[in-house]
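Sequences are here, hints too, so could you generate the full structure?
One-letter residues, chain by chain:
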Amino acid sequence: MTFDLPFRLGCDIGGTFTDFVLLNQNTGRFEVHKTLTTPHDPSEAVENGVIALQQTHNGFLAETENVIHGTTLVINAVIERKGAATAIIATKGFRDSLEMRREIRYDIYDIGAVYPTPLVDRPFRREVSERLYSDGRIRQELDTDAARQVFDELAAQGVESVAICLLHAYANPEHERALEAIATETHPEMAVSLSSDVMPEIKEFERTSTTTVNAYVKPLMARYVKRLEERLAARGFDRGLFMMLSGGGIIAPETARQFPVRMIESGPVGGALAAAQLGRQAGLRDVVMFDMGGTTAKSCLIRDGVMPISTEYEVDRVHRFKKGSGTPVGVPTVDIIEIGAGGGSIASINEMGLLQVGPLSAGADPGPICYGLSGTKPTVTDADLLLGYLDPSYFLGGKMDLDLGETEAGIAREIGEPLGFSVLQAAWGIHEVVNENMAAAIRMYVTEMGGDLNNATVVAIGGAGPVHADSFARKLGVKRLIMPRGAGVYSALGFLVAPVSYEISRTRILSLNDTDAARLGDLFKELEDAATPVIEAAAPGASIGFNRIADICYLGQGSAVRVAIPDNADPEVIAARFLDEYRSRYGASYDDLDIQIVTLRITATVQQEQTAIALPFTEGGGDAAAALKGERMAFAPDLREMVPHKVYAMDKLPAGARLTGPAIVEEESSTLVVARGGRVEVDARGWIVVELGDAQKEGP
Amino acid sequence: MNTASKQFDPITFQVLWSRAISIADEMATTLVKTAFSTVVRDNHDYAVAVYDAEGDMVAQANQSTPGQLFCMQRVMRDILEQYPTKSLSPGDVIIANDPWLGSGHTPDIFIATPTFRGEELIGFGVTCAHHTDIGGRMAAPDAREVYEEGIIIPISKLYDKGEPNDLLFRLIERNVRVPERILGDLRAQMAANHFGGERLIEFLEETELDRLSDLTGPVVAQTEKSMREAIAKLPDGAYESSLELEREDADGNRLVIKLRLEVRGDEIFVDYDGTSPQVDLPINSVLNMTIAYTVFSIKCALHPHIPNNKGTSLPIHVSAPEGSILHPEFPAACMFRSSLIFNVVQIIFDALSNVVPEKVMAPSGTFPLWIERFGGKCDDGTPYVCGFNGQGGQGARYDKDGVTTTVFPANVSSTSVELLEVEAPLLCDRKELITDSGGPGRQRGGIAQEVVLRNLAKKPAVASLSGGRFHIAAPGMHGGGTGKHGAIQVGDDDPIPQPKQVLMPQETTITFTYPGGGGYGSPFERNPAHVLEDVRLGFVSPERAREAYGVALTDDNGSVDKDATARLRNQAAE
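Here the protein sequences come in this chain order: P and F. The numbering of the first sequence is our numbering, which starts it at 1 and goes up by one. The numbering of the second sequence is our numbering, which starts it at 1 and goes up by one.
Just so you know, the hints here were simulated from the structure itself, not pulled from any lab data. Check before you lean on any hint, since a few could be wrong.
Unchecked claim - What follows is a list of derived Cβ distance ranges for each label pair:
1) F:GLU173 x P:ASN513: 20 to 30 Å
2) P:VAL318 x F:ASP492: 40 to 50 Å
3) P:LEU555 x F:PRO154: 26 to 36 Å
4) P:ASN350 x F:PHE330: 37 to 47 Å
5) P:THR27 x F:PRO304: 55 to 65 Å
6) P:ASP110 x F:PRO84: 38 to 48 Å
7) F:GLU81 x P:ARG413: 49 to 59 Å
8) F:GLU240 x P:ASP110: 24 to 34 Å
9) P:VAL318 x F:PRO164: 43 to 53 Å
10) P:ASP570 x F:GLN82: 50 to 60 Å
11) F:GLU173 x P:ASP570: 32 to 42 Å
12) F:GLU240 x P:LEU555: 49 to 59 Å
Glycine included, every Cβ here is placed at the ideal spot set by N, Cα and C.
Okay, here's the thing in structure tokens:
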């Protein structure tokens with residue numbers, strides 16, 4: 001199939017860099033570009049990147065089918081508290097729910113713990129007289145006169161955006177809509193977010209928190225999207241601009257303007273989307289995406305090509321890696337685990353006298369000692385360098401010279417001497433400890449999801465991913481790993497394979513005993529009707545597929561399980577699905593307890609063909625010898641000593657080539673280390689597939 | 001066993017230890033996900049650990065509750081006394097909930113599963129969970145003896161070589177109110193232990209470890225060394241403290257906890273001599289729990305981030321008079337021992353505030369726990385039972401204000417108002433922060449809340465009301481002021497004098513005023529800008545700012561009147 005408009009452009013605005021990936025859908029080739037982010041107006045960096053890409057692809061924008069856009073704008077505004085002047089309007093008596101949180105500690109022993117400052121402080125949390133019962137019936141009518149006055153006062157105080165969060169609004173949005181109407185009538189310039197639109201689900205703290213985040217970033221996002229559209233239009237692009245959502249779908253800019261909170265974690269989704277696509281292409285059942293970069297490692301367990309979705313996400317953690325220390329955001333988000341373990345993670349000796357690696361990071365500046373930018377604290381990259389895994393003369397494809405002497409001295413001083421270790425032992429310690437940290441976190445994550453790693457494949461991406469993947473996979477008991485071409489920048493490709501997709505939810509508390517297929521069908525139909533225009537706005541006339549989902553629990557249980565529901569399912573079928581899901585997650589289920597539906601969801605997705613992605617590489621031949629660059633000494637974990645490793649150039653390895661560990665495969669964006677016992681084969685797409693084998697059986 | 005411990009290099013040791021902790025954490029995840037009990041799922045009232053073949057703890061799950069975790073070590077010792085290693089076989093499962101062996105009340109059931117590699121015992125997966133019910137006079141606030149508090153299971157085999165102990169199963173089933181849930185949760189504990197056992201076998205096969213005990217020794221030694229170093233930094237000395245509680249003995253005298261804490265070299269000696277004799281109320285705390293919370297408090301202050309294993313407690317020596325509320329004799333009632341034992345945290349912090357004032361916190365308004373229960377019938381005749389948890393304010397810290405409405409030292413979630421109203425015909429009129437509830441101080445005590453609940457149903461609801469600090473508010477520390485005291489009021493009646501059960505007719509309200517946290521340091525030393533900010537936020541009233549903090553504001557309360565403030569503070573200083 002040939003595309004009339006061959007190009008797709010992905011761009012991801014990060015805190016420091018804005019990343020671009022330009023894919024030619026006809027050849028499957030892609031190009032990656034980076035430019036500095038422009039915080040005063042992030043759309044400027046997008047334009048800069050487009051200009052730069054035109055140097056190599058003259059006039060490409062005219063032949064571009066769509067531009068897919070992700071941004072850290074939303075999350076950074078929250079973290080840096082740089083959002084709009086925002087107010088909350090709550091039911092009388094309940095303005096403090098945002099501040100009271102769940103009233104639970106995230107650390108049992110730390111009496112010095114602090115909690116996030118509420119996005120909206122108390123004087124700007126206002127109340128109106130009104131009250132609904134839990135089934136949505138009105139107990140007390142809305143006092144509209146008083147409400148008008150509240151809006152007038154807020155406008156006079158310079159409030160730009162309002163989050164309206166009334167009790168039980170998920171069951172009946174009437175009062176929230178009436179307030180919105182007053183705002184529109186009296187203060188049309190004020191942005192309004194209704195909790196019954198943003199997250200029509202039960203639990204007032206979580207719904208208020210999510211709606212408040214939405215309100216806080218809404219004016220900012222509206223301004224930004226407008227400028228972005230203008231800049232692209234000025235360059236001659238006025239076709240499909242899409243926004244990447246945290247849930248892994250893309251959507252029209254207007255939807256992102258209304259619900260910017262849905263974009264809050266759009267960046268990290270790229271790696272998961274790309275790995276999921278790779279898994280589907282390779283026909284793999286269980287894939288562990290392993291994306292290790294400079295400051296963190298991310299991982300995601302993808303089963304049957306489907307990414308796990310969570311609606312219990314949290315941002316802006318006071319303790320970045322402690323659950324419960326942040327601001328809950330209950331929108332669909334790909335369930336990715338993030339660990340404070342990257343190339344820049346700092347190694348030190350902790351108060352127990354043990355070697356600690358991360359979560360502190362040296363970042364890009366000063367960075368690891370070996371960068372020679374005045375960094376003095378040893379990092380994972382420093383250790384990898386001394387272990388021979390990285391080539392000092394070929395770092396980032398030879399674009400950076402690394403300082404070995406300083407690195408050795410730093411590791412000896414900070415780690416080796418306190419522990420009574422040689423430099424090499426200390427470097428190995430850092431490498432080993434960071435791998436164990438990552439493996440421990442991921443074992444836990446997989447156990448929580450009820451997954452099984454025995455037949456999984458690790459897909460190693462990110463600059464440091466392939467360097468650590470061998471040891472990481474062995475620790476998890478995974479027997480196979482794949483490194484795609486362009487591994488270091490692979491996550492950027494994810495945006496380009498994302499479908500137009502949107503999830504809508506509504507709390508509808510129903511006992512399975514008291515409902516039937518027809519009633520459920522009507523409720524799901526309502527949600528489908530609500531999602532259709534959102535999809536139409538992004539993909540007019542496309543064929544839409546709907547997936548029905550319900551959050552279900554046993555009566556009286558605190559947390560619900562996300563269960564896929566077939567169309568026209570009657571309560572017996574739903575109960576059976578729930579019990580299956582419950583058993584697969586938790587090991588057992590109970591037949592004698594009442595089952596309750598809490599929230600209904602539908603995911604609307606445009607049915608489309610997958611875009612193929614492949615980097616150019618030497619085809620045929622099957623002989624690895626041509627790619628051999630030489631040999632260098634690197635650390636063999638099983639022997640605990642430096643041994644010769646053959647070094648190969650990845651771009652010269654042809655399909656069908658085979659080699660065995662110990663070996664190193666280098667490309668510009670990353671380096672793959674294969675330990676002894678590993679058997680490598682280059683597959684037809686140019687991916688490196690490693691069967692890890694058992695080093696012990698190789699003999700010394 | 002007389003073979004010397006195998007020596008590991010520090011990295012190998014660390015990786016092995018981390019792996020062992022990860023096994024315990026995964027077991028805990030399995031337990032939490034499988035358990036039905038909301039006490040386990042939402043209140044985190046469980047402990048999980050892996051033990052070596054000698055019965056010493058190798059690693060514990062990070063989220064384990066400190067009381068159960070500490071007591072588990074004692075339980076394992078007693079289990080191995082009753083069933084020496086040689087008498088254990090594959091397929092055995094051991095159970096116990098005797099409060100005097102375990103964690104001090106009957107709902108906490110310990111399950112230990114020996115793990116075998118072939119015929120060789122390699123270790124144990126052990127879990128403790130707070131069960132939904134254990135029979136007896138369900139949570140009776142006036143129980144006088146432990147016999148009223150449900151079935152007591154001595155150390156027994158629940159499974160013997162894979163065969164269920166039919167008698168014991170039937171006995172449990174016949175003595176509890178919701179047997180399917182209790183048995184379900186026992187199965188969840190066994191599943192978690194089994195999972196841990198499988199992981200232990202893999203662990204030994206994949207690493208160079210021959211025996212778990214080779215790891216236990218260095219783990220305990222390293223932790224102990226680190227704890228001793230932290231204690232050694234304190235100057236030697238003895239500190240005394242006394243704490244009057246608002247609960248009374250049979251003669252109407254308030255109960256008292258007395259403490260003498262002595263730092264000597266790298267050890268701490270804690271003696272509760274002089275503490276009130278045990279009472280005929282369900283609040284006595286067995287010695288295990290007393291030691292557990294003594295160690296917990298010292299660890300929080302001196303070394304919060306090290307693992308809580310035997311090494312943490314080895315340098316801490318605790319004694320309490322036999323027959324006292326902190327070391328009661330059988331058959332004292334003890335169901336609500338938490339309402340007493342959390343005071344140990346307060347008195348230990350008070351003693352330590354003489355030595356490490358920067359590492360302790362002022363008394364909190366968050367204990368005793370406020371866990372309210374409601375039961376009745378909806379208008380359509382459906383019966384309901386539901387709970388409501390809320391929190392007061394934490395005590396202020398040396399350099400930080402107290403945390404607003406957040407639980408301490410227990411760890412339970414609050415109840416969502418929307419969920420409550422779905423579950424029961426109750427309506428919450430308001431749930432809001434209380435101005436001037438935090439104790440004044442250089443650092444202000446945590447803010448508390450007020451909650452009003454209303455019965456909508458025609459049938460009266462039965463409300464079991466618990467809470468405290470009704471008469472003795474959370475005091476301040478080092479010159480800080482007391483937090484607001486707690487109160488529970490039915491309708492317009494006078495506040496109830498102590499926890500009790502009441503009837504709540506239709507449209508009757510109950511007002512819960514949670515206690516605030518104590519302040520830290522003199523309020524006259526508080527930065528006036530922070531007082532102004534507290535006034536802006538409505539945490540402190542302008543009057544309180546003036547009277548307690550010596551901070552005068554301008555007429556619009558928009559800024560600090562510097563001259564007037566200086567005058568107020570000078571007057572106070574004179």
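Structure-based check of all given hints:
1. Under the hint 20 to 30 Å, the C-beta atoms of GLU173 of chain F and ASN513 of chain P, about 26 Å apart, fit the expected range.
2. Between VAL318 of chain P and ASP492 of chain F the Cβ separation comes to about 42 Å, which falls inside the hinted range of 40 to 50 Å.
3. Checked against the hint of 26 to 36 Å, the pair LEU555 of chain P and PRO154 of chain F passes, with Cβ atoms roughly 35 Å apart.
4. For ASN350 of chain P and PHE330 of chain F, the hinted distance range of 37 to 47 Å is satisfied, since their beta carbons lie about 43 Å from each other.
5. Taking 55 to 65 Å as the suggested C-beta distance range, the pair THR27 of chain P and PRO304 of chain F conforms, at roughly 57 Å.
6. Between ASP110 of chain P and PRO84 of chain F the beta carbon distance is about 40 Å. The supplied range of 38 to 48 Å therefore holds.
7. At roughly 50 Å, the beta-carbon separation of GLU81 of chain F and ARG413 of chain P lies within the given 49 to 59 Å, and the hint holds.
8. Between GLU240 of chain F and ASP110 of chain P the CB atoms are about 28 Å apart, so this pair conforms to the stated range of 24 to 34 Å.
9. At roughly 47 Å, the beta-carbon separation of VAL318 of chain P and PRO164 of chain F lies within the given 43 to 53 Å, and the hint holds.
10. Distance hint for ASP570 of chain P and GLN82 of chain F: a CB-CB separation of about 53 Å, consistent with the stated range 50 to 60 Å.
11. Here the CB-CB span from GLU173 of chain F to ASP570 of chain P is close to 34 Å, well matched to the stated 32 to 42 Å.
12. Checked against the hint of 49 to 59 Å, the pair GLU240 of chain F and LEU555 of chain P passes, with Cβ atoms roughly 52 Å apart.
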